[in-house]
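Visitor: Chains L and S supply the protein sequences, listed in that same order. Mapping of the first sequence onto my numbering: position 318 corresponds to residue 319, and the numbering continues sequentially without gaps. Mapping of the second sequence onto my numbering: position 226 corresponds to residue 850, and the numbering continues sequentially without gaps.
Hints in this document: simulated from the structure, not taken from any laboratory. Where a beta carbon is used, it is the ideal one built from N, C-alpha and C, also for glycine. There may be inaccurate statements among the hints.
Said to hold, decoys possible - Distance windows between CB atoms, simulated:
(1) S:Asn-750 / L:Met-216: 50 to 58 Å
(2) S:Tyr-751 / L:Leu-36: 50 to 58 Å
(3) L:Pro-98 / S:Tyr-751: 42 to 50 Å
(4) L:Leu-36 / S:Asp-927: 38 to 46 Å
(5) S:Val-895 / L:Tyr-183: 17 to 25 Å
(6) L:Gly-46 / S:Lys-739: 55 to 63 Å
What the hints assert, rightly or not - Pulled a few chain S residues facing chain L out of the computed Cβ check, cut under 8 Å:
(7) Ala-871
(8) Asp-880
(9) Trp-882
(10) Gln-885
Next come the chains, spelled out residue by residue.
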Amino acid sequence: MNPLAKRKGVLFSLLILILFATIVISVMIGTTGPLLGAGGEPQMGMNEFFSALLGGDSETYRTIIREVRLPRVLLAGLVGCGLALSGCTMQAIFRNPLADPYLLGISSGGAAGAALSMFTGLKGYEGVTLPLFAFLGGLGAVFLVYILTWTTCRGRIKMEILLLAGVAVGSFFGAVTSFLMYAAGMQFRYLWFWLLGGFTSTSWDKVILAYIPIMIGCVCICIFARELNALLLGEEHAMYLGVNVNTLKRVLICIVSLITGVCVAFSGIIGFVGLIIPHAVRLLLGPDHRVLLPASCIVGGSFLIWADVIARSALASGGVEVPVGIITALFGAPFFLYILIRRRRW
Amino acid sequence: MRTGVKWMKEQAKNDRLKHDESRSGLNLVMVCCIILLIGSVSFSAGYLFGAGQNNPQRCAGMTVIDDLGRNVTLNKIPERFVSLASSVTEVLFAVGLGGRVVGVDDFSDYPQEAKNITKVGSFNLNYELIVSLKPDLIVGADITSRQQISELESRGFAVMILAPKTIHGILQDIRLIGLVSGNAEKAMNLANSLSARIDAVLLKTSNASLSRPRTYLEYYPYWTFGPGSFGDDLIRMAGGSNIAMNATISYPMVNDEWVIQSDPEVIIYTVGSGTSTTNETIKARPGWSQITAVKENRIYSIDDNIVARPGPRMVDALESLAKIIHPELFR
Numbered sequence: 002m003n004p005l006a007k008r009k010g011v012l013f014s015l016l017i018l019i020l021f022a023t024i025v026i027s028v029m030i031g032t033t034g035p036l037l038g039a040g041g042e043p044q045m046g047m048n049e050f051f052s053a054l055l056g057g058d059s060e061t062y063r064t065i066i067r068e069v070r071l072p073r074v075l076l077a078g079l080v081g082c083g084l085a086l087s088g089c090t091m092q093a094i095f096r097n098p099l100a101d102p103y104l105l106g107i108s109s110g111g112a113a114g115a116a117l118s119m120f121t122g123l124k125g126y127e128g129v130t131l132p133l134f135a136f137l138g139g140l141g142a143v144f145l146v147y148i149l150t151w152t153t154c155r156g157r158i159k160m161e162i163l164l165l166a167g168v169a170v171g172s173f174f175g176a177v178t179s180f181l182m183y184a185a186g187m188q189f190r191y192l193w194f195w196l197l198g199g200f201t202s203t204s205w206d207k208v209i210l211a212y213i214p215i216m217i218g219c220v221c222i223c224i225f226a227r228e229l230n231a232l233l234l235g236e237e238h239a240m241y242l243g244v245n246v247n248t249l250k251r252v253l254i255c256i257v258s259l260i261t262g263v264c265v266a267f268s269g270i271i272g273f274v275g276l277i278i279p280h281a282v283r284l285l286l287g288p289d290h291r292v293l294l295p296a297s298c299i300v301g302g303s304f305l306i307w308a309d310v311i312a313r314s315a316l317a318s319g320g321v322e323v324p325v326g327i328i329t330a331l332f333g334a335p336f337f338l339y340i341l342i343r344r345r346r347w
Numbered sequence: 625m626r627t628g629v630k631w632m633k634e635q636a637k638n639d640r641l642k643h644d645e646s647r648s649g650l651n652l653v654m655v656c657c658i659i660l661l662i663g664s665v666s667f668s669a670g671y672l673f674g675a676g677q678n679n680p681q682r683c684a685g686m687t688v689i690d691d692l693g694r695n696v697t698l699n700k701i702p703e704r705f706v707s708l709a710s711s712v713t714e715v716l717f718a719v720g721l722g723g724r725v726v727g728v729d730d731f732s733d734y735p736q737e738a739k740n741i742t743k744v745g746s747f748n749l750n751y752e753l754i755v756s757l758k759p760d761l762i763v764g765a766d767i768t769s770r771q772q773i774s775e776l777e778s779r780g781f782a783v784m785i786l787a788p789k790t791i792h793g794i795l796q797d798i799r800l801i802g803l804v805s806g807n808a809e810k811a812m813n814l815a816n817s818l819s820a821r822i823d824a825v826l827l828k829t830s831n832a833s834l835s836r837p838r839t840y841l842e843y844y845p846y847w848t849f850g851p852g853s854f855g856d857d858l859i860r861m862a863g864g865s866n867i868a869m870n871a872t873i874s875y876p877m878v879n880d881e882w883v884i885q886s887d888p889e890v891i892i893y894t895v896g897s898g899t900s901t902t903n904e905t906i907k908a909r910p911g912w913s914q915i916t917a918v919k920e921n922r923i924y925s926i927d928d929n930i931v932a933r934p935g936p937r938m939v940d941a942l943e944s945l946a947k948i949i950h951p952e953l954f955r
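Produce the complete structure using the sequences and hints provided.
Guide: Put into structure tokens, the structure is as follows:
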């Protein structure tokens with residue numbers, strides 16, 4: 002094994018370690034302690050925390066740790082993982098550093114679906130209506146983009162056309178959302194905050210529902226790591242290397258849309274993660290997708306867990322929750338710029 | 625009549641005061657208050673003597689101070705009102721001006737008659753329509769932006785903003801509307817009866833030995849009332865202790881853990897156009913089964929409009945909340 006590969010191996014194991022440490026530490030953080038407690042009664046200590054985690058006798062602590070914090074941390078991790086991986090895949094198949102999971106209109110379609118759900122008579126973001134509508138809206142937008150491209154290019158998937166159709170459909174659904182929000186009147190404020198993204202109320206049901214498609218999708222994408230590497234050389238070269246480029250793009254777009262749709266349904270539109278995390282990982286570990294894809298998953302998950310920790314504890318002494326979409330950009334952008342300056346290469 | 629005379633004397637006194645103050649260029653706020661007082665006193669006095677309504681000359685150039693501290697000058701008693709907020713519409717109707725309201729904002733839905741009045745917009749106002757309605761006075765609220773105010777004023781309209789900060793501020797605004805509209809008597813009576821109802825609740829709930837149940841009042845899932853909001857005021861007056869009274873902002877979004885930690889003894893959620901919350905969705909939230917209010921099944925709902933709109937119906941909200949929080953006091 003050459004020293005460079007060894008170094009990458011060490012870095013990769015370090016990232017896995019960081020993810021586990023992130024999960025453990027973030028579960029310890031919250032208004033009731035033991036870490037960064039916001040004061041107020043009751044406050045748990047370290048001993049109480051571990052006994053609660055293992056099913057100790059304080060029912061309140063046990064509930065807070067096992068039914069409130071743990072699912073929330075896990076969902077944040079899952080969504081971060083899904084978004085970062087989707088972003089990485091999109092950047093590879095579009096060979097465009099600005100590509101992100103929302104490129105094909107999932108975010109605006111999802112937002113339009115969410116806005117539409119306010120007119121179904123089943124309002125508010127409790128229950129299944131809003132996530133379901135957001136999911137269907139997101140997938141509907143991608144489907145529309147895909148069909149448009151497919152008919153325009155007579156069965157081939159041309160990336161320029163896909164990109165343009167994505168932008169056009171995205172703007173269209175953006176306008177639909179704006180109109181629906183305007184018509185919804187006073188309720189638009191809450192919808193707006195929902196769109197900014199967050200994990201305010203996360204139950205185990207949501208985690209399980211999100212876990213299955215995101216995990217299956219991530220594994221599927223990682224299987225195509227070699228083909229994505231080939232694609233980096235350009236579509237023609239990839240074809241010479243025996244990659245069925247058209248099918249590959251089709252399959253990957255389907256999987257990415259599914260993952261992103263689930264993320265949007267459960268957490269709103271969290272920007273930045275899908276765009277920047279793959280770049281940050283690429284700067285650290287290089288462009289080989291066999292490493293890049295799983296590493297993006299891990300870093301994306303850890304990053305969003307920490308962003309959510311900040312979202313729920315930054316103003317926690319006042320009992321205030323900040324939408325996580327604000328945090329990801331606010332703290333993520335300077336962090337990324339720091340890496341960029343440190344590495345001085347692109 | 626006696627009070628009327630007393631008011632006249634007061635007016636004369638204030639008049640003198642006003643001159644002294646403004647000449648010496650003292651505290652601007654003081655001057656404003658005095659102008660307001662003069663405005664109201666002269667107006668109500670005029671009304672009581674039966675002269676104000678018939679003789680617009682008498683109150684020519686009347687200036688009052690609105691809730692933003694702006695001077696609002698009226699050349700005559702306004703006949704045509706446009707309301708820019710649902711709370712304002714409720715105040716205007718309660719003071720008996722319903723027939724003189726020619727335009728309302730998009731959200732005005734109470735009382736029933738308000739729904740049939742021309743809608744002039746909300747976040748975006750239809751200025752052309754407003755001009756065509758020829759209002760004598762446009763009454764806005766805190767949702768009316770500075771830009772909208774200057775836009776309307778530049779077209780020569782008198783704009784008055786009612787943005788009360790407390791429940792007593794609402795009574796002040798009712799009186800103010802009564803005074804400028806010439807319906808002072810009805811407004812005073814309304815304000816007095818509302819005030820009496822508030823006092824009746826306070827009389828029961830301000831007992832020092834009374835228990836103050838921890839109360840969580842949400843107006844949208846996970847959105848609650850922090851310090852400086854009407855909801856916070858209402859809970860305190862109703863004899864409860866708002867779990868979000870020390871929140872960083874007035875209308876915070878909260879999360880499961882914080883609510884569980886705060887352990888409310890009473891949970892109240894609003895029902896109306898905005899939410900689909902039910903007792904069942906509250907109980908089903910992650911970990912909420914641990915909350916005292918859920919264990920003891922003290923979960924209640926309240927109409928969202930009466931809690932959110934600073935109008936006369938907020939007193940209904942106060943009474944409802946007091947009965948929810950302290951059922952033992954209202955048997």
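Visitor: Does each hint fit the structure? Answer for all of them.
Guide: Hints, verified against the model:
1. S:Asn-750 / L:Met-216: 50 to 58 Å: 52 Å, holds
2. S:Tyr-751 / L:Leu-36: 50 to 58 Å: 55 Å, holds
3. L:Pro-98 / S:Tyr-751: 42 to 50 Å: Holds: the Cβ-Cβ distance is about 46 Å, inside 42 to 50 Å.
4. L:Leu-36 / S:Asp-927: 38 to 46 Å: 41 Å, holds
5. S:Val-895 / L:Tyr-183: 17 to 25 Å: Holds, at about 24 Å.
6. L:Gly-46 / S:Lys-739: 55 to 63 Å: 58 Å, holds
7. Ala-871: With Cβ-Cβ at 4 Å, under 8 Å, it holds.
8. Asp-880: This interface hint holds because 5 Å falls under the 8 Å limit.
9. Trp-882: Hint on Trp-882 of chain S: holds, closest Cβ of chain L at ~5 Å, below 8 Å.
10. Gln-885: Because about 5 Å separates Gln-885 of chain S from the closest Cβ in chain L, which is inside the 8 Å limit, the hint holds.
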